[in-house]
Structures are given as structure tokens and as C-alpha cells.
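Going line by line, the protein sequences match chains D and A. Here the first sequence stands for residues 1 to 119, numbered as in the numbering used here. Here the second sequence stands for residues 1 to 458, numbered as in the numbering used here.
Hints listed in this document are in silico derivations from the structure and should not be mistaken for laboratory results. None of these values were measured; they are calculated from a predicted model. Please note that a few of the clues may not be correct.
Below, a list of computed lysine-lysine pairs in the DSSO-like style, where the Cα atoms sit at most 30 Å apart [claimed, not checked]:
hint	chain 1	residue 1	chain 2	residue 2
1	A	Lys62	D	Lys2
2	D	Lys2	D	Lys74
3	D	Lys74	A	Lys62
4	D	Lys5	D	Lys76
5	A	Lys252	D	Lys76
6	D	Lys83	D	Lys5
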Amino acid sequence: MKVAKDLVAASATPMVLGILAEGESYGYAILRRINELSGGELDWTEGLLYPLLHRLERLGYVVSSWQSVTGERKRKYYHITDKGLAEMAEQRRQWDTVVDALKEIWHDRVPPTVNPGLA
Amino acid sequence: MTAPGGQEELEAQFEQWRQYVLRRRELQPFDADELEDHLRGSVDELLAAGLSPDEAFLVAVKRMGSLDELSREFAREHSERLWKQLVLTADTGSPVADTRSRRDLWAMLTCAAGAVVSVKVPVLFGLSFADDSSFYVRNFTLFALPWLAAFLAWRRNARRSVIAILVALFALGAVAANAYPLADKSQSMVVTSIHLPIALWLVVGLAYVADDWRSLRRRMDFIRFTGEWFIYFVLMALGGGVLSAFLFNTFKAIGIVPQEFISHWLLPCGAAAAVVVAGWLVEAKQSVVENIAPVLTRLFTPLFTAALLAFLVAVVATSHGIDVEREALILFDLLLVVVLGLLLYSLSARDPLAPPGAFDKLQLALVVSALAIDVLVLLEITGRITDEYGSTPNRAAALGENVILLVNLAWSAWLLLTFIRRRTPFAALERWQTGYLAVYAAWAWIVVLVFPPLFSYV
Chain D
1 MKVAKDLVAA SATPMVLGIL AEGESYGYAI LRRINELSGG ELDWTEGLLY
51 PLLHRLERLG YVVSSWQSVT GERKRKYYHI TDKGLAEMAE QRRQWDTVVD
101 ALKEIWHDRV PPTVNPGLA
Chain A
1 MTAPGGQEEL EAQFEQWRQY VLRRRELQPF DADELEDHLR GSVDELLAAG
51 LSPDEAFLVA VKRMGSLDEL SREFAREHSE RLWKQLVLTA DTGSPVADTR
101 SRRDLWAMLT CAAGAVVSVK VPVLFGLSFA DDSSFYVRNF TLFALPWLAA
151 FLAWRRNARR SVIAILVALF ALGAVAANAY PLADKSQSMV VTSIHLPIAL
201 WLVVGLAYVA DDWRSLRRRM DFIRFTGEWF IYFVLMALGG GVLSAFLFNT
251 FKAIGIVPQE FISHWLLPCG AAAAVVVAGW LVEAKQSVVE NIAPVLTRLF
301 TPLFTAALLA FLVAVVATSH GIDVEREALI LFDLLLVVVL GLLLYSLSAR
351 DPLAPPGAFD KLQLALVVSA LAIDVLVLLE ITGRITDEYG STPNRAAALG
401 ENVILLVNLA WSAWLLLTFI RRRTPFAALE RWQTGYLAVY AAWAWIVVLV
451 FPPLFSYV
């Protein structure tokens, strides 16, 4: 099972903000973390991640800084701001509402394909 | 684990990949850095899993997905990058180019300031705009164009000998404008005021091609420069007009009329500075912004051809002779100038190696119809040349120009025709036009230097 593209896109911002709330990080590590969290079910691409990070930076939710790692290699680290934390809290409220509502509907019910007789 | 040779090869592959990424306009050097770090992270992990450097690189690149898709996503966030932005100093990322463009900026500001000061210096000697307007009309290009030439000569690292020639020619222009005893409203005065700018502009051209003045390619570049410069200058003039209007009306609303400031300071100083700024803009933007003159040419060549053909048909149908009044010759001179401009700027943007196409035929039609009209006008004039024409500097100059343009266009038409019939290469047409620049220069200097004494300063 792969999560649908629309759902990936919709959950992208809270996901990235949530990961950055754990501590500053960089693109490759963020992608690894998402993979790890979802057991490989969330299909993220670089084309989704980097423009998203740039947008979050433009909106002031994260700030970035170039740090050098081993030798000449530079790495761009992202760090969440207070505004970003507030945005994450707000998005979390919205997601909670959606998830709660879905849970309410699906409460006790088993997907119909397994046992159609109950519907 | 990794052989040093493998590591080197891997670095070369990263470098190659980076160049490939940078070719995308949506992806800037900083993005390339970030993506490269990503790719390296991916490669490192694959290496640790036991893949060879080659394999690791291939797999990592494959995982990143197609660059097309990646740039599309970047473009959605950074749509401004698809527009070529005007930056005062080109942010190319390479320090050499940065210093270069910053030095250009300072040189431009210095020259523009010089032009502004030059406009106001004569006031110190008691020459005011109001009382000595003819002095300013005659000399205006002498205030601004030497500074543009200086900027270009500086940019081209002109040799001493070229600089000496430039200085001498501008000095000659100053002598021509001021040494002759011309009355304020005399015809010679008007003729000089029109031809001196042309002569001096071609001196600017000399500064433009200072690094290689024999090269026809460089002369063609100067023709392109002229068109773009003119467009930038007109745009700045429009902006300046809007600024003046606002300044005038807002201050008028609080009871201060800034008329003197606008007409004595803002407009002359702004125009002089704009001459230099426009030159700098063309130089700085030549690789960034698409040339506008050829675009306009493409739009207007069919329209002008249609208009001229319609006029010819009307002349034949009504059998009404062209009424050659005083201004008519100048009007038809201007028509030839416009046709020549349309021809020149299509030439300047054309791939010299492309085979003749429909547009070349359209141009031939344009040139031939302009020639036909001009011949009609000249026939009309020669009938009266003994009694009416040729006796004043105005008419002699207008007639001379007409002949010069006619010769140019007639030979251009011939070259176009042979080109369309694949007898001569396109380069012949280019060579003809770039070589002809010298004729314009010679004629303008003759009018400025020889005409006033020839017509005894009327």
C-alpha cells in the first residue's frame, strides 16, 4: 500500500515542521526520517521536499544556515522558528479534528470488504 | 574500502552532474549545493551497503528522479526565476564576474555623474537655459556622448591611440558646433543640430568597437547596441516624463511651482545621465534580456510593407502626383530611415547561415516599395531643383540624405534578391550594411563642417 499523492502533499508541511521540532536537520536526513516513520509507505521525492523547505523558509516558519561538514562539503541545515512552532500547533489542531472525525465514523467498523454482512 | 582512483572518478561525476543541474534556470547554485549534498548522502549510504562508487552514483541519481520533474517543482515555488531579473550587479556566483560587474556599475555612475556635471558647467559661465537655448541645442550631445564613449572605451580597455582619436573627434565636434558664426534661428544651425548627434553617435561607435574596429561582427554589434540603447532611452524618457508630471502636480498642490527645477535641472540632467545609463544597461543586459529591436522589427515589417504598398497603389490609382512641399522631402527621408531600420534590425537578429525564407521575401517587398516611392518623390523634386531646391542647407542636406539612403537600399535590395535566389551568401548583405556606417559618418561630418561656410552661414 502506498499513500495517495494528494494525501502525501497535504500532510507534507506538518510532517516537516514536526521533524524539525525534534531538532535542526537537513534535507537528506529529513527524507530518511520520513521513510523511517512511515515504514517506507510515504512516497516523498526531492522535488516535493526541497521546494517545500524553501517555501517554509519564505513564510518564516524555518530558518536555514550553511554549515560545513567534512572537508569542503557544505550542508544546509533548517531550524524551526517560533512562528513555525505556532503553525505546527495550528496544523496539528486541524489534523486532530480530521482524524477524530474519521475515527468517529469508522468507530468499531471493520472495512466492508472484510465482512460485508455487518453494513 | 574505496580505491583513491574510484573516489576521484566519483568527484568528477559529481562535478558533471552539478553542471548539468546548473543548466536549469529554475535551479540556482545554492540549490545545486543542497541537492549535491543530498546526492552525496545517498551515495555514502549505498557505498556503506557495499556498492561500488560507480553503481552507488548511478543508483543515487536514479533515486532522485528526473531533473525535469525536479525543476518543475522548484519552478512552482520559485516562479520568479523563470523571469530574467534585473540585478544591478550580476549575481553569477563567480567572484571574478561579480567584481567585474561591480566595477562596471561604478564606472557607469562616474560617467553618468560626469555627464550631469557637464550639462550644468556652462551655467557657471553665465550661459542660462532660458537665454542661450541655442547653445544647449547645439551642444547637448557634446555633454553626454563623450561620457558614454568614455564608459565604453574603459570597458573595452581602449588603446591610447584610440582614446586620442576619440578625444580629437569630440573636440572637432565642439569646434563645429561653436566656432561658426551661426544665427540662432538660421537653417545651418538646425542642420548642424541634427547632424552633429549623428556624427558623434558614430564616434561613440568607434569607442564601442575599440577593441577590434576592423571586425565587421563588432560593427554589427554596434548596430544592435544602437537599437537597444534607443529603446532603453525611450523607456527611461517615458519614466522621466511620468516623474516630472507627478513632481509638478504634487508640488503645485501645496503652492510651490517647481517648473524651474524640472526644466533646468531634472530634465537636462536626467537626459544626460540616461544616455550613459542606457549604454550601461545594454552592456549589462545583453546576455540576459532578449533584444527588443528585432522583436519590434518582426512585428512592424509586414505592417509597413502593407502600408507602403497601399500608398503605391493609391498613387497609381488616383494618378495624383506627390505633393512635394517643404517638409515632404524630410518626411520621405524619415520613411527611408524607418525602412532601413527595419531591414538592419532584422539582419542583426538573423542567423547568417539560415537559408532564405518567407520573411526575407517580405523584406525585399518592403525595400522595393520604399524605393519605388522614393524614386517618385525624387522625380518630382528634380523637376524643380533648379528654381527651388538645392539652394539652402536644409534642402541640400535632405537631398543628400535621400541619395545616400537610396543607394544603400537599392544595393540592399539587389543583395537581398540575389540572396533569395541563392546566388550570394547572406554575409554579403551584412558586410554592405556594416561597411556603409562609414558613409553615414562621412556625410554627417561633411554637413557639420563644410555646409555652414559653403552656404555662407545662412
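Right, here's what the structure says about each hint:
{"no.": "1", "hint": "Lys62(A) to Lys2(D)", "verdict": "holds (20 Å)"}
{"no.": "2", "hint": "Lys2(D) to Lys74(D)", "verdict": "violated (33 Å)"}
{"no.": "3", "hint": "Lys74(D) to Lys62(A)", "verdict": "holds (22 Å)"}
{"no.": "4", "hint": "Lys5(D) to Lys76(D)", "verdict": "holds (27 Å)"}
{"no.": "5", "hint": "Lys252(A) to Lys76(D)", "verdict": "violated (55 Å)"}
{"no.": "6", "hint": "Lys83(D) to Lys5(D)", "verdict": "holds (27 Å)"}
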